[in-house]
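Novice: Sequence:
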Amino acid sequence: MRLIEAPISPASPTRVRAPDRTPLRVGLVQHRWHADDAALEAELAEGIRLAAESGARIVFLPELTLSKYPGNVRATGIPKADAEQLLGGPTFAFAAEQARLHSVIVHASLFEQPAEADEPNDPRGYNTAILVSPAGELLGRTRKMHIPVTAGYYEDTYFRPGPAEDAYPVYDVAGARLGLPTCWDEWFPEVSRLYGLGGAEILAYPTAIGSEPLFPNFDTQPIWQQVIVANGITSGLFVVVPNRHGDEGDLTFYGSSFISDPFGRVLVQAPRGESVALVADLDLTQREEWLALFPFLMTRRPDSYAGLVAPVDPAHPFGSATV
Numbered sequence: 001m002r003l004i005e006a007p008i009s010p011a012s013p014t015r016v017r018a019p020d021r022t023p024l025r026v027g028l029v030q031h032r033w034h035a036d037d038a039a040l041e042a043e044l045a046e047g048i049r050l051a052a053e054s055g056a057r058i059v060f061l062p063e064l065t066l067s068k069y070p071g072n073v074r075a076t077g078i079p080k081a082d083a084e085q086l087l088g089g090p091t092f093a094f095a096a097e098q099a100r101l102h103s104v105i106v107h108a109s110l111f112e113q114p115a116e117a118d119e120p121n122d123p124r125g126y127n128t129a130i131l132v133s134p135a136g137e138l139l140g141r142t143r144k145m146h147i148p149v150t151a152g153y154y155e156d157t158y159f160r161p162g163p164a165e166d167a168y169p170v171y172d173v174a175g176a177r178l179g180l181p182t183c184w185d186e187w188f189p190e191v192s193r194l195y196g197l198g199g200a201e202i203l204a205y206p207t208a209i210g211s212e213p214l215f216p217n218f219d220t221q222p223i224w225q226q227v228i229v230a231n232g233i234t235s236g237l238f239v240v241v242p243n244r245h246g247d248e249g250d251l252t253f254y255g256s257s258f259i260s261d262p263f264g265r266v267l268v269q270a271p272r273g274e275s276v277a278l279v280a281d282l283d284l285t286q287r288e289e290w291l292a293l294f295p296f297l298m299t300r301r302p303d304s305y306a307g308l309v310a311p312v313d314p315a316h317p318f319g320s321a322t323v
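Oh and the sequence shown: position 274 is 274 in our numbering, straight run, nothing missing.
Any given hint might turn out to be false.
Now the in silico label distances, taken between C-beta atoms and shown as ranges [as the list claims (entries may be wrong)]:
id, residue 1, residue 2, range
1, 175, 296, 18 to 26 Å
2, 13, 149, 36 to 44 Å
3, 38, 215, 14 to 22 Å
4, 15, 74, 45 to 53 Å
5, 297, 135, 30 to 38 Å
6, 216, 100, 39 to 47 Å
I should point out that these hints are in silico values taken from the structure, not numbers from a laboratory.
Backbone N, C-alpha and C define an ideal beta-carbon position, used for all residues, glycine too.
Please model the entire structure based on the sequences and the hints provided.
Specialist: If you want it as structure tokens, here you go:
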């Protein structure tokens, strides 16, 4: 595990006066899964330590932080029986321990077991992102809303979508406003737009993405990064994207974790196949400076967007001329 620090945060090209906010230093950890739980936690802990000692106030961890990625095969039986309790499970315990140890905020991700009364006939659980305070207390939770369904990523057999009510909460932490969507959510411009409209400044996308089993020669990494960076641009957001790396059998995860700013600049990036910690300073005033020049949020036409909220029509997977 090594530390990669971003160069000096690039200046805002649209700045007209000195900012009144101190940059926020954040970190992320890119790791690989280990069958040995102690080895896995030790690798993650080393990354958190490196980021914290470099001054990061928030450290972000990848999707399903302590788990092997399950979606390479379809679930059988009752998958939620193998999920963990939000506050009583190993992921929260690990995040809380590390947060207290290093006096930082820790973000993590887990397969959450629903309450018994929560759709008891649904065998699936939730894919949930959490935020833990330096005192080891839960600051926030957001459930993954969009669930992949394709070969190698059969998450729909494990995870139910998060509820539509309060789907995209924004949390005030460390002097910033933070949203916690997860992985597949990052492909949807509607998600980043709703967070932008909600006043978020930073989005964290814990991620588990890599090879395509049906198309092993198709490298989606460049497209993946372009989409996320572009969604950050159009809603004026800093984006923190921790991915895992390594071969887990049917899938090889491509790492390439990164942090970008509202101007579309990648501040720091991980290699594809190495466990690293990334650290960058976020000049949060840049959000307002960018959106003042390109006021996307203020020049929208919501009265013309009815088609965006029409129900999904399985008969037209590629769209319909009637929308």
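Novice: Indicate, hint by hint, whether the structure satisfies it.
Specialist: Taking the hints in turn, this is what the structure says about them:
1. The given range of 18 to 26 Å is respected by residue 175 and residue 296, whose C-beta atoms sit roughly 24 Å from each other.
2. In this structure the hint that residue 13 and residue 149 lie 36 to 44 Å apart at CB holds, the actual value being about 41 Å.
3. In this structure the supplied range 14 to 22 Å is violated for residue 38 paired with residue 215, their Cβ-Cβ distance being about 36 Å.
4. Between residue 15 and residue 74 the C-beta distance comes to about 51 Å, which sits within the given range of 45 to 53 Å.
5. Taking the beta carbon of each, residue 297 and residue 135 are about 35 Å apart, inside 30 to 38 Å as hinted.
6. In this structure the supplied range 39 to 47 Å holds for residue 216 paired with residue 100, their Cβ-Cβ distance being about 43 Å.
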